[in-house]
Each structure stands twice: as structure tokens, then as C-alpha cells.
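Chemist: Next come the chains, spelled out residue by residue.
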Amino acid sequence: MAKGVWIVTEQRDGVLRKISFELASTARKLADQLGEEVCAILLGSGIEGIAGELSKYGVDKVYVADNAALEPYTTDAHAMAAAKVVKENDPSILLLGASIQGKDLSGRLVGKLATGMAADCTDVKIADSKLLATRPMYAGKCYGEIVFSSTPQMASLRPNVFPIVENPKAGTVVKFDPALDPSQLKTKVLEVQKDTSGKVDLTEANFIVSGGRGMKGPEGYQIIEGLADVIGATVGASRAAVDAGWRPLSDQVGQTGKVVSPNLYIACGISGAIQHLAGMSSSKYIVAVNKDPEAPIFAKADYGVVDDLFKIIPELTEACKKLLAE
Amino acid sequence: MNIVACVKQVPDTEAQIKVKPDGSGIDESGIKWVMNPYDEYGVEEALRLKEKFGGEVTVVSLGPARVMETTRTALAMGSDKGIHICDPALDGADAYTTAAALAAAIAGIPHDIIFCGQRAIDDDSGQVGPILAELLGIPQLTVVTKADLDVDGKTIKAIRPIEGAQLLIEGTLPCVVTAQKGLNEPRYASLPGIMKAKKKPVDTKDAAALGVTVAVKAKVARFIPPPARAAGKIVGGDDPATKAAELARLLREEAKVI
Ligand SMILES: Cc1cc2nc3c(=O)[nH]c(=O)nc-3n(C[C@H](O)[C@H](O)[C@H](O)COP(=O)(O)OP(=O)(O)OC[C@H]3O[C@@H](n4cnc5c(N)ncnc54)[C@H](O)[C@@H]3O)c2cc1C
Ligand SMILES: Nc1ncnc2c1ncn2[C@@H]1O[C@H](COP(=O)(O)O)[C@@H](O)[C@H]1O
Numbered sequence: 020m021a022k023g024v025w026i027v028t029e030q031r032d033g034v035l036r037k038i039s040f041e042l043a044s045t046a047r048k049l050a051d052q053l054g055e056e057v058c059a060i061l062l063g064s065g066i067e068g069i070a071g072e073l074s075k076y077g078v079d080k081v082y083v084a085d086n087a088a089l090e091p092y093t094t095d096a097h098a099m100a101a102a103k104v105v106k107e108n109d110p111s112i113l114l115l116g117a118s119i120q121g122k123d124l125s126g127r128l129v130g131k132l133a134t135g136m137a138a139d140c141t142d143v144k145i146a147d148s149k150l151l152a153t154r155p156m157y158a159g160k161c162y163g164e165i166v167f168s169s170t171p172q173m174a175s176l177r178p179n180v181f182p183i184v185e186n187p188k189a190g191t192v193v194k195f196d197p198a199l200d201p202s203q204l205k206t207k208v209l210e211v212q213k214d215t216s217g218k219v220d221l222t223e224a225n226f227i228v229s230g231g232r233g234m235k236g237p238e239g240y241q242i243i244e245g246l247a248d249v250i251g252a253t254v255g256a257s258r259a260a261v262d263a264g265w266r267p268l269s270d271q272v273g274q275t276g277k278v279v280s281p282n283l284y285i286a287c288g289i290s291g292a293i294q295h296l297a298g299m300s301s302s303k304y305i306v307a308v309n310k311d312p313e314a315p316i317f318a319k320a321d322y323g324v325v326d327d328l329f330k331i332i333p334e335l336t337e338a339c340k341k342l343l344a345e
Numbered sequence: 737m738n739i740v741a742c743v744k745q746v747p748d749t750e751a752q753i754k755v756k757p758d759g760s761g762i763d764e765s766g767i768k769w770v771m772n773p774y775d776e777y778g779v780e781e782a783l784r785l786k787e788k789f790g791g792e793v794t795v796v797s798l799g800p801a802r803v804m805e806t807t808r809t810a811l812a813m814g815s816d817k818g819i820h821i822c823d824p825a826l827d828g829a830d831a832y833t834t835a836a837a838l839a840a841a842i843a844g845i846p847h848d849i850i851f852c853g854q855r856a857i858d859d860d861s862g863q864v865g866p867i868l869a870e871l872l873g874i875p876q877l878t879v880v881t882k883a884d885l886d887v888d889g890k891t892i893k894a895i896r897p898i899e900g901a902q903l904l905i906e907g908t909l910p911c912v913v914t915a916q917k918g919l920n921e922p923r924y925a926s927l928p929g930i931m932k933a934k935k936k937p938v939d940t941k942d943a944a945a946l947g948v949t950v951a952v953k954a955k956v957a958r959f960i961p962p963p964a965r966a967a968g969k970i971v972g973g974d975d976p977a978t979k980a981a982e983l984a985r986l987l988r989e990e991a992k993v994i
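Chains as they are written, first to last, in my numbering: chain D, 20 to 345; chain X, 737 to 994.
Check before you lean on any hint, since a few could be wrong.
To be verified - The calculated label-pair distances, taken between Cβ atoms and stated as ranges, are:
no. : chain 1 : residue 1 : chain 2 : residue 2 : range
1   : D       : Ala263    : X       : Asp942    : 55 to 61 Å
2   : X       : Arg985    : D       : Thr215    : 32 to 38 Å
3   : D       : Val34     : X       : Arg923    : 53 to 59 Å
4   : D       : Glu345    : X       : Asp886    : 57 to 63 Å
5   : D       : Lys37     : X       : Val938    : 44 to 50 Å
6   : X       : Val938    : D       : Ala318    : 40 to 46 Å
7   : X       : Lys817    : D       : Pro312    : 52 to 58 Å
Just so you know, these hints were derived from the structure itself, not from any lab. A quick note: this is a predicted structure, and the numbers were derived from the prediction, not measured. Where is the CB? At the ideal position from N, CA and C, for every residue including glycine.
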């Protein structure tokens, strides 16, 4: 019978990504309820040394495939390696991150394992010894509770939603041969262009300050950048601002942009159209700064300021600077 | 070049979604149905490839009878023919079953490149493209904002933005490409296009005709409304400085986020 809670971890350039620890902590919780083990899959080249970090967050066993063809990530190589070790061990639950890489890999694995999957979940729990996954649908306008009738029961977890909990285990490392068939490696990475700004990606950010049409133009974003620098936030934008060419496409938050779930989302000069709310309504705290008291964003905001953002944001930046210096 | 575009019909982004009282699904009354926005980019890219390399674009969609309208929209944009997979047994199909049905339909026609959206804005799963690629045994290039097909028509180079970086990846044909915003500006259907679309062939098939057995592996047991957010506070104050200071204080002392 299928047994064990497994995770597919994510590393880049030999550094485990935060989602890997979110996965480990969540898997631990589920496994304790089931009385089962947590096993992690770690794929890459020259990465064996980082396997130990996972046991700090409750992983009992790390299955490592160290192979030059697994670096950098390609769908074909990673899916082949992960599917092999999963088939050999028959876990009952398999969790991945709903990051861009995780989404790319999870679908391929669903195909290889012919199983059911719940994507981009915001909650997972055990009910009647089975996985029950909750996920936003229709851009968060409703939620679905997913049940499974095949194993592994697969779910991908939305980044930044699940808490990281330390829970040290002895942790053993099991090396395995990914048995890659070179004739099946049909894609390759030709070039990696890194964003050198050092900014955390919107999907992983704890703090986001977003600007909309109310910013009036690209220059307006300087005050937003100022606030973002002080509180350590990433800057986002509404589609109106992106379509106007004030901000790059990668900044767009919403139904046809990025879905974000920071601790704090500050919306400046954003009206709160349904498509924008779709992308940020799972934020823990929402602040709206808008001069129109009727703006729909206020219905979603925990804290609202009705005023001119060009006056409020610089004052807020100063106030935060003072508080943070205390 | 034989090009396939997978097109899903979804509620308009403006749609208010109401859950049925028994949680068995959403109330579809009053919903305006449209082509999934990401599929528009897929159809547009398919048409551009056809214009450059020649060939044919086939639109494949799965869903109830109303889906025909969206298929006609893709034909009116310039696609050549359609396959409509229509079978009540496939209502509420999960990603695996959907992909299996699409794969069966596509396996039956010549295909050099298949476009999907990077995700459908109703189930928001982003899984069907990769599962389809696996079931067809071909590579996938997902969440793509730029795609360049080599002149020999054998390989494709694509730009794929990931968290904090942008990748240039290369894959061999046949392959599945999933479209992200930025790939192109989708065209509107022209009036002559709409007239012509009415005469273009659409082949309707059920699961049995495709040899697909329906075995749902993950299902939505219950639909629930989103968690309610407690009513927010409007931060008071006589001037911007007071309001800003009060907001900062609340964020620190009450919300404890900064
Ligand atoms: C298919 C589709 C997909 C879409 N996807 C997205 C998406 O992913 N993301 C997204 O954001 N939108 C999306 N939209 C667009 C969405 O419908 C709205 O048009 C958009 O979100 C509006 O952006 P905005 O709030 O910046 O602009 P507006 O709605 O114009 O709001 C500007 C706000 O700024 C306020 N303001 C102006 N000046 C000041 C000032 N000095 N101080 C304080 N406040 C000020 C105004 O009161 C107003 O509320 C989509 C639309 C469609 C049809
Ligand atoms: N019922 C369907 N009919 C046609 N294409 C679909 C269907 N479901 C999903 N797809 C394709 O797969 C993409 C991703 O869908 P999803 O995995 O459901 O988010 C969509 O953008 C479509 O291109």
C-alpha cells in the first residue's frame, strides 16, 4: 500500500529555495497525523551537501540524484528522475511547490504517474487518513476542496502561504541513479538572464507596495520605490500601469498577472478591479491608499487611507523609517 | 506546418462567481462565456506561424455545447478547422482526464506544434499543457513570452520568465508551448472572418469515439465561498502626516507586520 509523505524540493545554483522548507514543514505535519515518514527528492549537480538542511524542517530521508544533466532544471530530466524514485517507493502523498518550476514539473509528473493533482493549494490536511486539499478557483472568487481516488495524491502549495517550522530529524541521505535516457532530453537551457536588482520576486515577497493608474506616470513610482526600500518590499503594479508602459509586465499583479500572497500588500492609486483583487486577495494584510472613498479596494483593505497618495506615501515612508530605527 | 491550438471556454474575468447552496458547483446563470485569455495568445501565435510557414491551424476544445461559440471565435480569427470534444461524461473532468481526451484527439491528426494557455482562469491549474505533452510523449515549453521557430521548422527557442530570472530555452518539434501574456497581441475576429467561420468544419466527438475512458482521479468534493475578510478600518487624521503616522503605528502594533 502507498505510504509516506514525499516532497519535491527546489534548489537554484545549489541553494535550497524557501518553498522547499515550506514543503518540508507542511509534509511533516501531515506525516505526523498519518504516522508516516517524510521523504524529500533533491535533484541537481553538486548538491549533496545541502541535503542535510532539509532534516532541520522535519525530513526523515532525502533521496538525492546528483547528475550533471539535472543542472540547470529541465522538465525532461527532472520529471524522469522524480518519476523513477516515486514509482520505486510508492508514496501516498506527493507535494511540490506551485512555483514556476514546480508547476512545470508537477503536470509532467501527473502524466507520468497517471494520478490526480490539486494545483496551487492554500491549505492541505488529512481527513479520514486521506489528503484533503483546498485551493482557490476562479481567481479566488471561490474555493474548492479536492479529494483523490488515486496515489500518489499530488498537491502543489502556493508559495508564501505555508509556515516554515523547525523540527530537526536525524535525516538520512539516500543516493539514487536518475537513469536518464539522453535521447529523451528534448529541451535545453541556452541562457539564464538573472535579474541583478536583488529584489525578491513578487510571488515570494513578504511585503509588496503596488502602484496603479493613480501614480500618474513612471516617475510616480520613485516614491513607491522609496517606501519599498525602507520596509524591504517588492514593487508591483496594476494592469493599467503595465499597459501604459510605466512598469514591466513582470510587475503585474492580478488575474492575468502574478498571484501573490505577501504578509503586507500596500495598494497605492489602485481602484480594486475584480481582476486585480483576484491576484492579491490572499495577502495577509491589505492597505489601500486612494483618494476616492468609494474605490472598491477599500472593501478588501484591512487599513484604508483616503487621501492623495503623493502626500501620504512620503509621510508613511518617513514614519516607517522612524519606527524601524527604534 | 500542422498547428494545434487548445482553447477553453471560461467565465469572463468580470463574472461574479456564486457557489450553489449545496456546494456542488458554481451557479452558471448569468455568466458570460469567453475564450480563456491565455488561449487567445496561443491562437494568435498559431496564426502567425501559419502565416510565416504555411499550413493549417486546428482548434481543439473540450466542453458542453456552448463551447462551440468559442471554437467559432477561434475560427473567425483565422483558424482552419475545429475539433469539439463534447460528452456529458466529461463534465467536471480533472486535469488528467481533460488532457487524456485532448491527447487522444490530437494524436489522431498531424501535429508539429501545440499551443495551450499557461493556465485556464477558471480552474487556475496550469496542468493540462504539461500533462498533454507527457501523454503525447513530446517536450513542453511552458509560460512562454516569446517563441521563435527555426527556419527548418525543427526546433523552437523560447523565452520563459521564472522567479528572478529569464531563461532562453530550446526544444525540438513536435512540442507543446504554453502561452503567457506578452507573447503577442491577439487579433480581433474581422467581419469577413466571422462569416467564413460559419462554413469551416468542426468535428464533434465524444469520449467513446476518442477511445478515452473517464476515470476522474481528483475531484472537487465541495465548492466553498472565499473566506470573508473582516471589515477594515479607515485610518483617520487631520492631515496626511497624522494619517501616515497612525497607519505606520497600526501596522507595527496591531497587525505586527513591520
Ligand atoms: C481580461 C482582463 C484581465 C485583466 N487582468 C488584470 C490583472 O491581472 N491585473 C490588474 O490589475 N488588472 C487587470 N485587468 C484590468 C482591470 O479591469 C482594471 O482596469 C485595472 O486593474 C485598473 O487599474 P488601476 O486600479 O490602476 O486603475 P483605475 O481603475 O483607473 O484606478 C486608479 C485609482 O487611482 C486613484 N487615484 C488617482 N489619483 C490618485 C491620487 N493622487 N492619490 C490616491 N489615489 C489616486 C483613483 O481614485 C482610482 O481609484 C484586467 C482586465 C481584463 C478585461
Ligand atoms: N476543456 C478544455 N478544452 C480545451 N483546452 C483546454 C481545456 N482545459 C484546459 N485546456 C488547455 O490547457 C490550458 C491550461 O489549462 P488548465 O490546466 O486547466 O489551467 C488552457 O489554457 C487550454 O489551452
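Chemist: A separate judgement is required for each hint: does it hold in the structure or not?
Modeler: Okay, the hints, checked on the actual structure:
no.	hint	verdict
1	D:Ala263 x X:Asp942: 55 to 61 Å	violated (47 Å)
2	X:Arg985 x D:Thr215: 32 to 38 Å	holds (36 Å)
3	D:Val34 x X:Arg923: 53 to 59 Å	violated (43 Å)
4	D:Glu345 x X:Asp886: 57 to 63 Å	holds (60 Å)
5	D:Lys37 x X:Val938: 44 to 50 Å	holds (47 Å)
6	X:Val938 x D:Ala318: 40 to 46 Å	holds (43 Å)
7	X:Lys817 x D:Pro312: 52 to 58 Å	holds (53 Å)
The structure fails hints 1, 3 (numbered hints given earlier, in ascending order).
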